[in-house]
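J.: In case you want the letters, here they are:
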Amino acid sequence: MNRQPLLQIEDLSIDYIIVGGSIKAVRNVSFSINEGEVVCLVGESGSGKSTIGLAVAGALPENAIIRSGKIIFQGKDLLYEKSKNKKIDNVMIVFQDPAATLNPLFTVGEVISDVIRSHLQIRDKGEIREKALEVFRMVELPDPDRIFNSYPHELSGGMLQRVVIAISLSTNPKMLIADEPTTMLDVTLQAQILDLLLNLKKKLGLSMLFITHNLGVASEIGDRIIVMYGGEIVEEASSKDLINNPLHPYTKSLMECIPRTHIKHSRLKHIPGTVPDLRNPLKGCIFSDRCSEVMDICRVVKPLLKEYSKNHKVACHLYSEEEK
Amino acid sequence: MPSLLGGGEMKTELMKIKDLKKYFPIKTGLFGKIVGYVKAVDHVTFHIGLGEVVSLVGESGSGKTTIAKCLLLLERPTYGQILFNGYDITQIRGKRLKDYRRNVQAVFQNPFLSLDPRMNVYDIVSEPVQYHMKLSKKELYEYTSRLLEMVGLDQSFQAKFPHELSGGQAQRVAIARAISLNPKLVVLDEPTSALDVSIQAQILNLLAELKEKMNFSYLLITHDLSIVRYISDRVIVIYLGKIMEEGPSEYIFSEPLHPYTQILLSSIPDPFTQEVREKTILRGEPPSPVNPPRACRFHTRCPYVMDICKEEDPAETDYRAEHKVFCWLYAKK
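Heads up: the sequence lines are chains A and B, in that order.
First residue of the first sequence? That's 1 in the numbering used here, and the numbers climb one at a time after it.
First residue of the second sequence? That's 1001 in the numbering used here, and the numbers climb one at a time after it.
Just so you know, the hints here were simulated from the structure itself, not pulled from any lab data.
Hints are not guaranteed to be accurate.
Stated by the list, open to error - Derived pair list, reagent style DSS-like, types lysine-lysine, alpha-carbon separation capped at 27 angstroms: (1) Lys-240/A to Lys-76/A; (2) Lys-125/A to Lys-174/A; (3) Lys-1279/B to Lys-201/A; (4) Lys-313/A to Lys-283/A; (5) Lys-1016/B to Lys-1324/B; (6) Lys-24/A to Lys-283/A; (7) Lys-1213/B to Lys-1021/B; (8) Lys-1279/B to Lys-202/A; (9) Lys-269/A to Lys-1211/B; (10) Lys-76/A to Lys-24/A; (11) Lys-1018/B to Lys-1279/B; (12) Lys-1033/B to Lys-1098/B; (13) Lys-1160/B to Lys-1018/B; (14) Lys-1310/B to Lys-24/A; (15) Lys-1138/B to Lys-1160/B; (16) Lys-203/A to Lys-1027/B; (17) Lys-310/A to Lys-70/A; (18) Lys-174/A to Lys-203/A; (19) Lys-1310/B to Lys-1018/B; (20) Lys-1134/B to Lys-252/A; (21) Lys-240/A to Lys-1069/B; (22) Lys-252/A to Lys-203/A; (23) Lys-269/A to Lys-1018/B; (24) Lys-1211/B to Lys-1134/B.
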């Protein structure tokens, strides 16, 4: 066992309160991220992946309630710290739509100066500007001086996403949470941003929690991939292992859904049915009503996330029986 | 491509787009003085065969949606002809126009924006039928139910409103409405971009199935090359309003010619080819279509740029039958 992981999430459950009930968006999720590691959370809409990202960043909406669990970052419980109103400088978050993240009434420079001033306690204007230009150069933005004085509408989507990444890096964070940062971008720009994030990881030793619905993107950037479905982790493995040897029926069918460019398909596989209603999650396995290999036990007993082989965990009865 | 007409014969042309141009004026000041043009589509020529699936692929700003809007008569082309069954649709009026609208339908990216939130599913799907065909109430009901069945929605959906549907179900309703008049051409503008992968696969399968049954032509507009391979016969790659490469989809994917096509293909994150794939990352942003680069539009970002690329527009080179490329690398000298 090596050092303590940078981020450790233990038994996290989060509900959203809605009219007439609650949505159990995340249920009993545990995982950890080591220093300098990129972990991808992969899942469809409604799988709870973004909720976890928001919880770690301490940015959950008001109707969210954390039912149980701990989020331990560098040995401190973030949920406890937050209740004490302490600022969390070491975790920053990047969202999907950069244009919605930035206030259109302020120049990019004003926004980043504000962040640097409040987080790094720098007062001198020149110094703040220096720091801003430094991070702009770090994210390979051309002509940082011009960009410092630009409004968001003057920049293109790819540039804006770089600006948002620069703003999150300006506080020298240990960890970056990236919530679908490339989904809004074209494939060529997506490749650029992924390349940038990988470089930053190498250069700064940045850890990342990368949230995406695209397994292709996840395999490109992630050291480890966690597959989520209906608010639970169904499988967790190193990227290579997961792609080459997927275990959970959901992961398998998710991979079969991806149209592949080098093969002509006659017909794509798809997963019948729709995502589960999380107001009343299924008693047994959350995937049992759409699973093609469903057994009787799946509808009654919830499978636990168990180690199948080294660094490869799966929550499925198909594999727990093999052990017996 | 095996054709019903037998070997070698040309497929019947359904639609021909000739030298299409669409410039949007940029106006300033109180009097709307025109200071320039956004050259969204610049001299684009292609055709769509009967029962053929043609894909227009390009990044944002490439003009692919503008071309679709011109075909749907949502925009008037600045120049050029769009021939359908031999007559130019930009000139037609009255009965012919009505006939054209019936024959060319569209499915857009976000079904929740394209469906009227105050109409239920039955009304949404039966509205065009009611307008174009004179059916009795009972016939209309049967016709509409059959349409909904074809897209995989049962009776219980008829009374629902769009907000009660999931993304995939709403897109099915949009498809049902688009095919309700048995059109010749369905324009699909990013039909699956707003959907999850498992739902995307459902919708793509449905579209392929419907095509087999009803023999529509599709014009698929997308930035996602991976879905293109699955569904299309022919692919057209555009960049800044100009066609870069056009060819049968097998060749575009197995042997892409234009450097831009090659880069586009290598940028798709594909989990299955992670280790073997050579990745070329395109630097910089696409130039503005207000002031596109002279000569070859791609020369500012092309890794194989030569002197001639900056001076002269590359002519069309027929690399093989039906496979055209606009690039100096392949020009016969």
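J.: With reference to the structure, classify each hint as holding or not holding.
T.: How the hints compare with the structure:
{"no.": "1", "hint": "Lys-240/A to Lys-76/A", "verdict": "32 angstroms, violated"}
{"no.": "2", "hint": "Lys-125/A to Lys-174/A", "verdict": "25 angstroms, holds"}
{"no.": "3", "hint": "Lys-1279/B to Lys-201/A", "verdict": "19 angstroms, holds"}
{"no.": "4", "hint": "Lys-313/A to Lys-283/A", "verdict": "21 angstroms, holds"}
{"no.": "5", "hint": "Lys-1016/B to Lys-1324/B", "verdict": "16 angstroms, holds"}
{"no.": "6", "hint": "Lys-24/A to Lys-283/A", "verdict": "13 angstroms, holds"}
{"no.": "7", "hint": "Lys-1213/B to Lys-1021/B", "verdict": "35 angstroms, violated"}
{"no.": "8", "hint": "Lys-1279/B to Lys-202/A", "verdict": "18 angstroms, holds"}
{"no.": "9", "hint": "Lys-269/A to Lys-1211/B", "verdict": "18 angstroms, holds"}
{"no.": "10", "hint": "Lys-76/A to Lys-24/A", "verdict": "26 angstroms, holds"}
{"no.": "11", "hint": "Lys-1018/B to Lys-1279/B", "verdict": "36 angstroms, violated"}
{"no.": "12", "hint": "Lys-1033/B to Lys-1098/B", "verdict": "36 angstroms, violated"}
{"no.": "13", "hint": "Lys-1160/B to Lys-1018/B", "verdict": "43 angstroms, violated"}
{"no.": "14", "hint": "Lys-1310/B to Lys-24/A", "verdict": "59 angstroms, violated"}
{"no.": "15", "hint": "Lys-1138/B to Lys-1160/B", "verdict": "20 angstroms, holds"}
{"no.": "16", "hint": "Lys-203/A to Lys-1027/B", "verdict": "46 angstroms, violated"}
{"no.": "17", "hint": "Lys-310/A to Lys-70/A", "verdict": "25 angstroms, holds"}
{"no.": "18", "hint": "Lys-174/A to Lys-203/A", "verdict": "12 angstroms, holds"}
{"no.": "19", "hint": "Lys-1310/B to Lys-1018/B", "verdict": "26 angstroms, holds"}
{"no.": "20", "hint": "Lys-1134/B to Lys-252/A", "verdict": "49 angstroms, violated"}
{"no.": "21", "hint": "Lys-240/A to Lys-1069/B", "verdict": "43 angstroms, violated"}
{"no.": "22", "hint": "Lys-252/A to Lys-203/A", "verdict": "34 angstroms, violated"}
{"no.": "23", "hint": "Lys-269/A to Lys-1018/B", "verdict": "38 angstroms, violated"}
{"no.": "24", "hint": "Lys-1211/B to Lys-1134/B", "verdict": "25 angstroms, holds"}
Taken one by one, the earlier hints fail for this structure at numbers 1, 7, 11, 12, 13, 14, 16, 20, 21, 22 and 23, listed in ascending order.
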